[in-house]
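**Student:** Chain by chain, the residues:
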Amino acid sequence: MALTGIQIYKLLPQTNCKECGFPTCLAFAMKLAAKQVELSACPYVSEESKKQLAESSAPPIRLVTLKGVDVEAKAGNEICLYRHEKTFYHKPGLFIRVRASDPDLAKKVAAADAYKVNYVGIELTIDGFAVVADSDLATAIQTIRSISKRPLILIGDPAALQAGLAACRGETPLLYAADASNADPMAELAKSHPAALAVKAESLEALADLTQRIQAKGVQDMVLDLDGNTLGEWLVRSTQVRRLALKNFRPLGYPVLAFPCDAKDEAIAAAQAIAKYAGFIVLNEFKPELLYPLLVLRENIYTDPQKPIQVQPGLYEINQPKPDSPVLVTTNFSITYFSVANEVEGSGLPAWLVVTDAEGMSVLTAWAAGKFDAERIAKAVKTFNVASKVTRKRLVIPGHVAVLSGELEAELPDWEIRVGPREAVDLPAFMKQALN
Amino acid sequence: MPLEIPKDKWPGSVRTVTLGAAAAEGGTRTKTVTIGGQTAMPYLHFEASPPHPPAVAVEIKSRPPEDWSPLLLEAWGELVNDPAAWAKKAEEIGADLIVLALTLADRPEEAVNVVQSVLRATGVPLIVWGPGQAEKDNELLVPVAEAAKGERLVLGICEDKNYRTIVAAAMANGHLVQARTPMDVNLSKQLNILISDMGMPKDRIIMDPTTGALGYGIEYGYSVMERLRLAALQGDAMTQSPMIVTPGFEAWKTKEAKVGSGVPEAWGDWKERSVNWETITAITLLESGADIVVLRYPESVARVKQAIQELMTA
Ligand code: SF4
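Line by line, the protein sequences give chains A and B. Numbering-wise (our numbering), the first sequence opens with residue 1 and increments by one. Numbering-wise (our numbering), the second sequence opens with residue 437 and increments by one.
Check before you lean on any hint, since a few could be wrong.
Sample of chain A residues lacking proximity to chain B, with all beta carbon distances greater than 12 Å (derived) [said to hold, decoys possible]: (1) L105; (2) D324; (3) D414.
Some chain B residues close to chain A (C-beta under 10 Å, calculated; not the full set) [unchecked claim]: (4) E510; (5) K597; (6) R600; (7) T646; (8) S659; (9) L666; (10) D672; (11) S710; (12) V711; (13) W713; (14) T749.
These are calculated hints, taken from the structure and not from any lab test. Where a beta carbon is used, it is the ideal one built from N, C-alpha and C, also for glycine.
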């Protein structure tokens, strides 16, 4: 945990020389604690104090970066237990498990590596591969590297991993895993390459002992395998690790690695891992019907609650609308906008789409909060000069806000106000049947 | 090295609520369902294990659904034409509760009949939803409440613009109510206050904070539920009701679940994707504090029940 102003003061020279620009060392210490100044502004801090201050300001969960060839996956640096307290920062990497012995290795890697899916305008992909060293690892890595640049998790015993590491020079893979029986050779491998090291033990106490032992050998980048057998057990351990880490308990201040691939229900275990603090997640195989919902869940949970993804308010054209095409209205919450735009686009029907400034809220939420009312909609229609684009003034409002139609007629007297469906998915049918 | 795990000690707890009444209590249910009672955040057994598991409800309709995904219609087959048989099947595959959604086409006496036939066909507690239009809700739910007096049904869905009639009918006939507000902590509290001010005992209110499906705003519902649950544990009486959410309804109206053709190839197999969509939405909401999840697809019910069993043991 960060030091208090008083604790920092004790580490300063306490001479009140004012060179830092503050009248006293205490005043400077207070500003430091509030992170409003840099320590370098005081020319007289001792090396020892600098070291202590640096340690205390290190993030509670170490940022671990796995590197492939120009592609990285990062986890750590999180600062809260619940996303509404601030936000979750580093989306957990999704790694697909492959086996070195698999005759179809190249094919499987190629399919997973090429995977791209679009969600609200964002392109989502997998983050890397977890390679099981059940035959020569170096050959397998060469095969993977002829196809994919993504980071790797290497799973095997020290001898197998050593051979594999020779095939990924210049990269930072994650080695899996050091336990009480092999911690020394594993630490040696991780340190000399250097690579990140996964650490595994049957209890959190044993895990904390092990990370300290490995850190003493000079390995900084570690990742924790919590080894919970059921959803409940894993959730408890993951929460305990996050709590301890946030209280600045350094021995468990590392990202967590999850293996939903070994759970009874992979989708459920992976969803829990995403919501509950995993940093890296290993999936059993490449399956778009599982990967897509998980990638979406990860986007959702890691959205900054303080700034929902917004779309620029304005008049959008879909399928080259003409002056007699209908005018649809929605809010500037990205998910709302994209569901409406995608549906209409997919239907091939031309339309004008007025995106109102509802402070990034969905239709219902914005309406409840008074950010999507007749006045705002009328204002948008006027501001974006919609009347100048159309000959037929037909405005379709979302079914959820049907109650606004009366007021809107008063605000926009020369417009025909129509109540559309509640859900975007029903828009094409509505446009075909009701709007002719 | 011995570890001292930081534990939260909360002054408050979630209210314990029982759905359904057995013969001894004036109903006809062979099983009742008790939810709530938690004194810690979801499934944190090292602080306090939840005294009751969350319940899985299956949603059925009084008439064959017109706008449901073909996958759902295929899964339930002929049963969608016979609400009693449909409910019975749902109970057989593991539903702890049945949600019977009435439709705009139902006349009051039809609504009463279908509720009674579902009650006869099943032993689990029943939740009855009106079609979602204030006047029609009241027209159907009042006679239903009277006809099923003493069953401890849950009547819904109360919203701020229409709750008085439903609450009065529930109070007069020994039922519970579902109180829905659109993803907002304060709105949830307000509706709870309005309903308790009418004299409704607090242990007969279930909060429905509303959620979005995966990909369609689930993060809002997720955080609102976490905040409501934290407030409950901190001792705020108006947030201490157990929470019901409708991942089945939300997930199955998304394009991802509803539509099988003309969608990106990257979405993968339609059926598996759809079931994952519903299951993942449900599990994510359970992790943030849901006490009842209402589902639609049989396989999701089995998967979510299995997950609940695992979450309850640590
Ligand atoms: S420069 Fe350093 S020693 Fe001088 S007053 Fe500032 S903090 Fe104190």
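**Student:** Quick one: work out the minimum CB distance from A/L105 to chain B and report holds if it exceeds 12 Å, violated otherwise.
**Tutor:** holds, 21 Å
**Student:** Please verify that hint: B/S659, Cβ, nearest Cβ of chain A, below 10 Å or not.
**Tutor:** With a minimum Cβ separation of about 4 Å from chain A (threshold 10 Å), the hint on B/S659 holds.
**Student:** According to the definition I'm using, a residue is off the interface if its beta carbon is farther than 12 Å from all beta carbons of the partner; does A/D324 meet that for chain B?
**Tutor:** holds, 26 Å
**Student:** Hey, does A/D414 actually stay past 12 Å from chain B on C-beta?
**Tutor:** At roughly 30 Å from the nearest Cβ of chain B, A/D414 sits farther out than 12 Å, so the non-interface label holds.
**Student:** Against chain A, is B/R600 within 10 Å by beta-carbon distance?
**Tutor:** violated, 18 Å
**Student:** Should the hint that B/E510 touches chain A count as held when the rule is a Cβ pair under 10 Å?
**Tutor:** At about 17 Å, which exceeds the 10 Å cut-off, the nearest Cβ of chain A leaves the hint on B/E510 violated.
**Student:** Was the hint right that B/S710 lines chain A, CB cutoff 10 Å?
**Tutor:** The hint holds - B/S710 has a Cβ within 10 Å of chain A, the shortest such distance being about 9 Å.
**Student:** Min Cβ distance, B/K597 to chain A: is it shorter than 10 Å?
**Tutor:** holds, 9 Å
**Student:** Would you check whether B/V711 satisfies its interface hint, that is, whether its CB is within less than 10 Å of any CB in chain A?
**Tutor:** Holds: closest Cβ of chain A sits about 9 Å from B/V711, inside 10 Å.
**Student:** Do the numbers back the hint for B/D672, that is, is its least Cβ distance to chain A under 10 Å?
**Tutor:** Interface hint status for B/D672: violated (16 Å vs cutoff 10 Å).
**Student:** Is the interface hint satisfied for B/W713? The criterion is a beta-carbon contact with chain A at less than 10 Å.
**Tutor:** holds, 6 Å
**Student:** Given B/T646 was flagged as interface, is its beta-carbon under 10 Å from a beta-carbon of chain A?
**Tutor:** holds, 8 Å
The structure fails to meet hints 4, 6, 10 from the earlier list, while all remaining hints are met.
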